[in-house]
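Asker: Residue numbers (this note's numbering), protein chains in the order written: chain G, 1 to 290; chain H, 1001 to 1273; chain Z, 2001 to 2358.
Listed below are the simulated DSSO-like cross-link pairs for lysine-lysine, each with C-alpha atoms no more than 27 Å apart in a straight line:
#: 1; chain 1: Z; residue 1: 2224; chain 2: Z; residue 2: 2203
#: 2; chain 1: G; residue 1: 200; chain 2: Z; residue 2: 2090
#: 3; chain 1: H; residue 1: 1102; chain 2: G; residue 2: 281
#: 4; chain 1: Z; residue 1: 2104; chain 2: H; residue 2: 1007
#: 5; chain 1: Z; residue 1: 2115; chain 2: G; residue 2: 200
#: 6; chain 1: G; residue 1: 200; chain 2: Z; residue 2: 2104
#: 7; chain 1: Z; residue 1: 2107; chain 2: G; residue 2: 200
#: 8; chain 1: Z; residue 1: 2293; chain 2: Z; residue 2: 2324
Short derived list, chain H residues pointing at chain G, Cβ under 10 Å:
#: 9; residue: 1007
#: 10; residue: 1022
#: 11; residue: 1040
#: 12; residue: 1107
#: 13; residue: 1116
#: 14; residue: 1118
#: 15; residue: 1119
#: 16; residue: 1121
#: 17; residue: 1123
#: 18; residue: 1203
#: 19; residue: 1223
#: 20; residue: 1224
#: 21; residue: 1244
#: 22; residue: 1255
#: 23; residue: 1259
No lab work stands behind these hints: they were computed from the structure.
Don't be surprised by glycine CBs; every beta carbon is placed ideally from N, CA and C.
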Amino acid sequence: MKKISFRSKTLFIALIPMIYLYGLVIYPFASVIYYSFFSYDIGGTPVFNGVGNYIQLFTDTQFYRTLGLTLSYSILAVGTEFLFGIGLAYILVHISRGRSVATSILILPLVMTPAVAGIIWRIMFDAGFGHVNFYLSLIGIPGQKWLIRPTEAFISTVIVDVWQWTPFVTLVTFAGLTTLPVELVESAYIDGASEFRTFKDILLPRIRALLYIILFLRVIDTLKIFDTVYTMTGGGPGTATTYMSIFNYLNLMTFYHIGYGCTIAAFFIVLMNVVVTILSKRAGAALFAT
Amino acid sequence: MIEMKLKTLIFYILLAISLLFFIYPVYFAFNLAFMPRAAIFQLPPNYIFQPTLDNFVKVINSWEFSKYLMNSTIVSILSVSLSLIVGLPATYALVRYDIPKKGTILSMILGIRFLPITSVAIPFYIMFVTLGLYDTMFGLLLTYILLNLPFIVWLMRGYIMDVPTELEESYEVDGLSKTQVFLRITLPLVYKGLLATVLFCFIFTWNEFGIALLLTGTNARTLPVQSLQFVASLGLDWGALCAAAVLIASPMIVFGLLIRRYLIRGLSLGAVR
Amino acid sequence: MVEIFLDNVTHIYGKEVKALDSTTLRIENGSLIALLGPSGCGKTTTMRIIAGLLRPTSGRVYFDNVDVTERSSQERNVAMVFQFIVIYDKTVFENIEFPLLVRKVPKEERIKRVKHAAELMGISNVLSQQARRLDPGTRQKVALARAFVRQPTVFLLDEPLTNVDPQTRLELRKIIKELQKDLHQTMIYVTHDQAEALTLSEKIAVMKDGKMIQYDTPEALYDKPKNTFVAWFIGNPGMQFFDTSLKQSDGAFLLDAGEFSVDVSNVSGQLVKYGNELKLGIRPENVQVSSQKKVGWFNAKCTMVERVGNMYLLTLSKGRLEIKAKIKETDVREGDTTWVQFPSEKVRVYTKAGELII
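Starting from the given sequences, assemble the full structure and let the hints guide the process.
Answerer: Written out as structure tokens, the structure reads:
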């Protein structure tokens, strides 16, 4: 670790572009906060509105609906991804062949363009001709009006998220598990623990930090989900899948309420910051340790 | 003789079913993309049919597909490259030097990853409109350089930390300047990680949707945004839609398979070695 | 608390790597034996086969005359402590408790046994702390306690003290020895540290290249090593050897090393059978050195004096041969001429192939 000498020009040259770019982030923050106090529609002029926008926000039923939807989405999706993902990791750990095939297939959902994934799933969820209903009917479940009824639409967005991100949970968990020393498993075996018990009580706790990071990242990402939902449902039917990001976007780009849009944005940014701060205590320590 | 215990068999079955779940949409898209129009709406699905390239032709010919392809490619390559130029020296500095508030800086960089893009894009939008950057490649580039930074910093950080300082120091003692050491010694040693980081950022940029949607019109639009347009214009032409999907996502699938082992490291921001 | 018997066990890794070659070993009930040998000699493989982590390619394993070759580690109720200190992400108490928990031992009994084990190891004061945060020495104590709490049939220790600080190492050696004595616990200790093996164990199995060369008490291994490898391996430094020919001269039988000879008339009858070329072995600490001329001794020049611990290691050369002597006190200095004798009762004679004759 070298101490910086302020005569070190190279160091400055190295850091300055980044700091400059970061200014590109500070400015938006400031703007958003600034404009959130204004009543401003595209084409019009900003009119100072005090906390008027905020009052509007907190009395907007749609806002609460959105908030609730977003939270439910996050909890449901992350919960499923964790259970499913770690379960798959468990299986991967306990089989000897086929791992590379499995990992290759597992990365497909992760690299697929989310927007495109939304489109594909949109087709698949089609009530009349979509394959989802078809396969369901094969096992005796009647077809659902996936993108037409509100609850079903909500579920379908969760399914897409699970589809896309479970592999992330699985692959990261699996990677973490493979770094553990083999003596750990042997010791548990000698102590008489079953496979499952070893996994649950010995191995998983050992990668606790990693699991926190996964949790942290997934929660953040599900709260700000946009791409797949927007291309698949556009926020509909009605507002059944209008999550925070989409709510924000609609207000801005479809209704052209810049002022109000900024208010929403300000709230959202603050919310994300709070969440990040709360969760990052444990996850951050682990990240920095690497 | 392979002795499969019942438990192992169940594992394989569960795994297979899960893998089918994950691969199906991809398979589905490829399938429909090559399917002639008539066969598409048939249920039960046709698994065997006469493949056709009609859908692809339609997509490529429509709506200036090649233009958006160019846009996506150029923006991705350029933004990643430029982001590297900005980010690599900075990362190196952050690893090797004892900079005050280093932790805060690193956290701030990481924080970029957590920004809700639709929210932050609003002022960008206003700013771009004011500066005349709306719907320009340049504006898009600027934003993407910023968005790639967290990945570059957090990924390369790990790789650079793996290079022993003693090695660098001995070259310095021999007379190389710190910049030279960085360029001629450290970088070559981390080239594998660098390559993986580049591909990863490329995938990320190519797939990016939200910013592109907000900050581009028809001029600088990228492929993912265009795909949405396809939905509007091609509507029920599922074959064509899937062809578009295949065209847009295939390069990513190829890259993804290439950097398989590094992908996880990228997605977890370096948490897994 | 069992007797362990390995019957003609061979183990091959993959297709070719023969880790164990027809090894037969009987370990008495309640004894502490050490598996000693250079890297790759098969000691860890032996250990793992006894533990049940490995199933031998051929051969059987018996605990108290019961064939356990097919049984799992848990069924054999073995306990194993590794070189890599294994600690679970729990408190010390929960760590020690784990094997009992798995065996569904009732709570009161669990608490009793955990506390007892902790006391024995001297870690009662850290029971509620997170085990992973403690220093290596304490952690290994936890691992030992966890192994002990099960009242296992046999205790397997695979170089457990290698990663532990020296002070705790001594402490633990004492504890292990006491445990073993008080409880008549059968223990197998793998190490490449001779001192440890020699001080701790009742018997040592010296292994090389997958074969068990000699299985004997430390004294026997020291005094009557069966072959040149064992003789050389045991001791610091080990036994030294000289190529000699059996000659007859003036009615006396001599082992002639070229530069000097040793009279072996009294055992000539036994030696003759093995041909003319024999190896003469003697431990440096048994070589007698004097600065004064003595009858029957031969002379040699001292070329180096080193200190080893509280002893001196002298390198004496005569002609082309080098003799090492280890003595407590001497006034011999480099360059001096000294007088050397090999006391006949300390001399060991080996065949050219390395087998012990006398």
